[in-house]
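Q: Residue-level listing of the chains:
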Amino acid sequence: MIRRLPYVFAFAGVLSGCRHWQSAANDAGAEAERIWSLTLTFTIVLGLIWLAVMVAVAIIIRHRRRPPFSLHDARLDGAGHRRNSWIVGSLLAATVATVAILTVLSFMAQRPLFAGRAQTAGIRLIGHQWWWEVRYDGATPSEMFTTANEIHIPVGTPIRLSLESADVIHSFWVPSLAGKQDLIPGHNNSIELLAQRPGVYRGQCAEFCGLQHAHMGLLIVADAPDAFEKWQGAQRAAASQPQENDRAKGAQVFVSKPCALCHTIRGTPAGGKFGPDLTHVGTRAYIGADVLPLTPGSLAAWIADPHGVKPGVKMPPVHLGADELNAVTAYLIGLK
Amino acid sequence: MPPATVMPRPADQRDTGLEDAELRERLAYTWGRRPGIIGWLMTVDHKEIGRRYIVTAFAFLALGGLVAAIMRLQLARPEQHVVGPDLYNQIFTVHGSNMMFLFAVPVMQAFSIYLVPLMVGTRNIAFARVGAFSYWIYLAGGVFLWVSFILDIGPDVGWFAYVPLSGPQYGIGKRPDVWAQMITFTEVAAMATAVQTIVTVFKHRAPGMKLTEIPLFVWAMLVTAFMVIFAMPAVMVASTSLILDRLVGTHFFNPSEGGSALLFQHLFWFFGHPEVYIIFIPGTGMVSAIIETFSRRPVFGHVAVIISLVATGMLGFGLWVHHMFATGLPELGASFFTIMSMTIAIPSGLQIFCWLVTLFTGTPVIRTPLLFVFGFFFIFVLGGMTGVMVASIPIDLQVHDTYFVVAHFHYVLIGGAVFPLIGATYYWFPKITGRMMSERLGTWNFWLAFIGFNVAFFPMHILGILGMPRRVYTYQTDVGWDRLNLLSSIGAFILAASFALFFLNMLRSARVGPLAGPNPWGAGTLEWLADSPPGPHNFDHIPVVTHATPLWAERESLPIATGISVNRREILITTLAEARPEIREASPDSSIWPLLAAIATTIAFIASIFSPWAAVWGSALIGLTLIGWFWPKSMREDEE
Amino acid sequence: MKTRVVTDVSSLPRYGFGPSASTWWGTLGFCAIEGTGFALAIGMYLFLAFNNPHWPLGFAPPVHWPGTILTILLLVSLIPNVMVDRAAHAHDLPKVRWLLVLLSAVGLIAIAIRFVEFYMLIPRWDSNAYGSIVWFLLGLHATHIITDVGDTIVLTALMFTTHGRAKRFADISDNAFYWYFVVGAWLPIYYLVYWFPIL
Amino acid sequence: MQCSRRPVPTSVVIAASLLALAACKREVRNIRPDPAGAETPLSNAMVSLSPGGGPPVTTHTKKGEDYLKNAYELAQGNTLFKQMNCNGCHSNGGGGMGPALIDDEWIYGSTIENIVATIREGRPNGMPSFRGKITDDQIWQIAAYVVSMRGKVPSAAAPSRDDRMSNLPSESRRDKNFEKAAGPTTGLGKQ
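Chains as they are written, first to last, in the numbering used here: chain A, 1 to 336; chain B, 1 to 640; chain C, 1 to 199; chain D, 1 to 191.
Simulated from the structure, these hints should not be mistaken for laboratory data.
Partial pick of chain B residues on the chain C-facing surface, computed with a CB cut under 7 Å: (1) R14; (2) A126; (3) V199; (4) K203; (5) F230.
Every residue gets a Cβ at the ideal spot worked out from N, C-alpha and C, and that includes glycine.
Turn these sequences into a full structure, and let the hints steer you where they fit.
A: Structure, rendered in C-alpha cells:
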C-alpha cells in the first residue's frame, strides 16, 4: 500500500532515535496522514526532477575540454540556436505542467482543512508564556473543567480546539495528528483533531515565544471512547480530601505558602489563576509543560528550584523546609 | 599631488590628441584622491567604496559564522548548557539579522557598486557622494548591532521580531529597539545604493550599449535595485511603527486598542520575501557571468534570461503570505498565494535550462568559479524543490517554523547566493586586486564547503519532519533528534573550516598571488578592458559597445568615443534605450560631507530609540550637514 | 588593445533638464521609495479600518476645514511651481528668484496649517489605533513638506548668491518636480483622513 | 584587497576593545534566581514616634538600586502588580480603596526600601502583609515597579505601554515631575 512504502524510502535508515511520537511521518491523525502522503508524492516528483538536473550537470562535466584560454577561442556564432530553443522550450513546458499538477494536488489536499472552521469548539486552548491551559466545555458549568499541558481526546471522533493566546503568539502543533495553527492575541483560530489510533502524541509550540519556547511541549492522549469518558468524569470531580496526615500537612502547606496565589485546586481554598490548574495533577504524565516526568523526585526538584530545569520560567523558587517540601510533593502526587 | 610632468593646463583640456601615457596620468590625477587618512575618508571612487563594502560584509559574515558555530555547539547534544536561553535567543537573532541585513544584501550591492560602472563602461557610479554616505551608514548600523550584542542588549526576538513578543509589553528593555533601528540604518544604505545602480545603468551606459546588450550580471543588479526600492520601505514602515509603539505608546499592533498583530506580519513579509530574492537574483547574475566566461560562449537566450529575471523580481512581490499560512487566513487568500509561490519556480527553471544549454553547447573549462557554479546547481535546485513543497499549504502547515524550513532557506540562500558569491570572488578577485587566487586552495575550499554544507543542512530536512521546531535553544532526549543534530553540528564545523580557508586564500593571494593582466580569464565583458586593479578613471577612453560581450565581438580594434575632458571629472550621459550620448555631466569630487552627514544621521538614529525628541533635533542636525553637502564649493561646480 | 575613434562627444552640453539629467532620475528614485512608503501607510490605514467593526474608533471624524484649506493652498501652489519650472528652463534669474521666495512662503504657510491640523485633532497618537494611524499619516506627510520647503529655502538662498546660474536652474527644475510629488501624495491622505470615515 | 602590513594589528586592537566592552553588561536578566534566597534584612525605621514626627528614616541598599535600573525586574513587577491584585485597591496608581501611588504623599516612605517594608509587613487600614505569600524577589520587583509609576526610574528601563487599554501614559513616558502633575488625587492618602 502506498502508505507503507515510505518506511522503506530514503528516510527509513535515518529515522532511528528512540521514540517518534512527535513526527510528521508517524501519521496517526487523519489530517497528518493526508499531509504525509502529499509530502511523499511531492518528494518523489521533485526528487526525480532534481536528479534529472544533476544528470545533465554530470554530462556537462564529463564532456568538458582542457585549457588554455585565449580570446580567440570564444565562439559567437550561436550555432544550433534552433535546437537549443527547442530544448529550453520543451523543458519550460514540462516545468509549467509539473507545477500545475502539484498545485492541483495541493488544492485537493487542503479542502478538508478549511471545511470545518465554522463548527463550535469542544475544547478551549489558551497559550501562556511557556505552558498550555486547556478548558473542556460542557453543557452545564459543572461539566466544565480546566487542566493543563495534556489533552485527552476520544479516538475516531473529530474534536475542534479553539486557539487563543493570553500573551504572545504561540503555535499549536502536534505533527502526528495535524498541521500547526497559530494562537494570536486578538485573533480567534481553531483546529480540528481526528485521531485514528489510540496512543500518546507529543507536540510543541512552533512559534518563537520567548525565553522558554523550547520547553513548551504538550501531550495529546487519544483514548478509546469509554476510557475518555472515564477520564473526563474523574477530571470533573473536585480534589479529594487528603486522609494520610502527611498529605493533609502538604495540603495545609500548599494553601499557606505562595503556591495558592498562582495555582487552583478545586475543592480547596487555593484559587490562583496564573499558574496551571493542579486539581488532578497526579494523573498527568509530565510536569512543567512536558519538561520532567511526574515522579516524586522530579516533582520535588521542580518545586524546590524550577529555574534549574527551565530558567526564566514565571514560577518563582519557593523557600520550603525539607519536611514541607516532602509533604507538598506527597499531597500533589496523590491528587489523582 | 599633481604629476611632475604635467604642463600648465588650459581651462578645459580634451582627451583628443593626447598620447596614452600622458592621458592616463592626467586622468588618474583628475579622478584620483588625496593620499593619507583624510583622502581615504573623503574618497567617492566607486572602487574604493565597493572594496570597503566587500571587506566589511565579509567581516560580518565571519562574525555571523562564529555565532552560528556557537548555536551548533549548543544544539549538538540534548539539554546542553553551552549557552543559556537568554544568550541563545540573542545569538540566533543576531545570526539571522546579521546574515540578512549586514552580510547578504550589502555584499551583493558591494559587488554591484564595484562592477556595474566598469561593466557598463563609465568612470564612476551615479551620485558618488551618496555612495560614500551609504557605506558609512551601513558600517554604523553593523557596529551598532554588534556592540549592542556585546553589551547584552542584542535583540532577542528573532530576525523577524513578531509583535507582541517584540512589542512594548513583552519586548523588555531596549533590545527590540536595537533591531528596529539597525533595520533603519541598513535600509537607508541599501536604498541609496539601489538608486545609484538604477541611474548608472539607465543613464551612464557606454554609447551604443542597447538594453539587450547590457551584461546579465548588470541586469540582475538592476532588477535587484528595483526590488530594493519597492520592498525596503515596507520594513522601514514596520520597524518605525514598532519603535513608535514601544516609545510613544501608539497602538498599531495592540489588539485591545484596535491594532492587529497580523498587521506587523503583513508589513514585514511584504518586504521579507522580496528580500530573499534581493539576495538570490544577484547570485543568478554572478552565475551567468561565470558560465559565460568559462563555457567560452555568450549565455544562450540572453533575452530569455533577462525576461525571467524581471519576472522573478515582479512575482517576488506577490507571494509574501506563504510565510503566514499557519496564522489562520481565509482559504481564498491562502490559495492565491499557493499559486503565486508555485509559479515563481518557472522563471528560475527557465534560467537554469538556459545555463545548462549554454554549458552543454559551449566548451566548459573547470576552474574554481565554475566549481562553485556546479555546487550552486546541486544545492540551489534541491532548495528550489523543497521550496515548491513549502508552497503547498497542507505541507507547509507541517513544516512551517521547523528545521525543514531552516534547511530549505539555507539551501536556497547559501546554495543560491553564497556559493555563486564565493565563485564570483574567485572570478573577480584578479580585477579587484590585480592578483590571482590560488586554484589549489580554491579546490579544497569548494570540496570542504560542498561536503560540510550538505552534511550540516541535509539532516535538518529530516529533523523538521521529525517535529523539531525552529529557534529552540535545546531539546529533550526522548524525541529522537540527538543523532541528526550531532551530525549537523559536525557538518557545520567542516563548513566553517571551508570559510576559514576562503578568507586565508583571499588574504594570502592579495599579497603573494600571481599577477593577473587586465583579462586573465579571456572574458568578454567591459570590466576586463580596464587594468587590474583599474586606475581611478577606469578606462582611458570610453568604449563604444556593439555586442553583449564587446571584448569578444571587437577583437581586432575596440571602437571608442573621444572628446571628454581630462582635467574635469566628466561622465557621459546616454539615452535610456539606445544609449546615444546626450550630455557630458560633471561627476562629484571627493568630499568629507558624506561622512559628516553619516555621523549626524547615526547620532539621530541611536538617540531616537531613547527619546522621541531626539528625532526632532536629530533631523535638524542632519539638515545642517546636508546643506553643507549641497552648497557648491567652487564656481566650477556650476558648470556654465 | 588597438582602438579606433568612432564618435566625438566634445560638442555635447554640460548639463540638461528633465530625464537627460541624473539628478532628475535620482529625484524620481526617491519619489518611488517615499511613494511606496505612503502607499504602505495608506494600506495600514485601510487594514486597520476594515479590521475594526466601526471606524473611526470611538472618535468623531476629524473636522475637515484645516485639511481642506491646506489642500487648496497646495493645489494653488502648483501654478507658481509650473512657472518656476518654465523660468528655470528659460534661465530667467530675476523671475526665478521671486517665484522661489513665493514658493518658500507658501511652503511655510503649509507647515503652519499642518500644525493647526495636528492641534485640531481630537484623538491623540496614543489614544487608540485610529489616533495612531492618523497621526502617522499626517506626520509622514509633514516630514515631506518640511524637507521640501527646507530644500526650496536653501535653493532660494543659493539663487541670490553668485552661484545662481547654469546648472542651478536644473536643480530648481528637479525641486519643482519633487513638489509635484509632495502635493500628489497629500491628496489620497486628505481623502482618507477627512472624508473616508464620513462616506 | 590591498591588505598592507599595518591594518592587521589595528583589527586586533579593535577586536580586543570590543571584547572589553563585554565586561559592562547593561540589561542583565536574572533568569536563574537563587533558590535558597531568604529575605534580605532591611533596617529602616518607619515613622519616628516622637510628636510631630519627621519623615520615615530609610537606608539605601545596592539591591534597591539594581532593581530600579533593571528592565527585566521592572517588567516582572508590572505583571505581578496586576496578578497579585494590587490594582484591585490602588487601581492603575491613581488610588481607590488604597492610597494613590503616583502622587508625592507617602506616609510610610516612598523609596524602594520603604515600599518593600510596606508590602512585607502590611499597613493599617487594609494593606495586607505579603510576607510568605509571594517570594522576596517578587516583593522587590513589585516595589521597583511602584517606584517606576512615579517616573523615578531611568526611562530606558521603565516598562513601556501594556497590550491592554489604559488611561495613563506608560511608566517609560512619565518624567521626574509626573507626581507633581498628578497632585493630591483623592485626599485619601491623608488619613
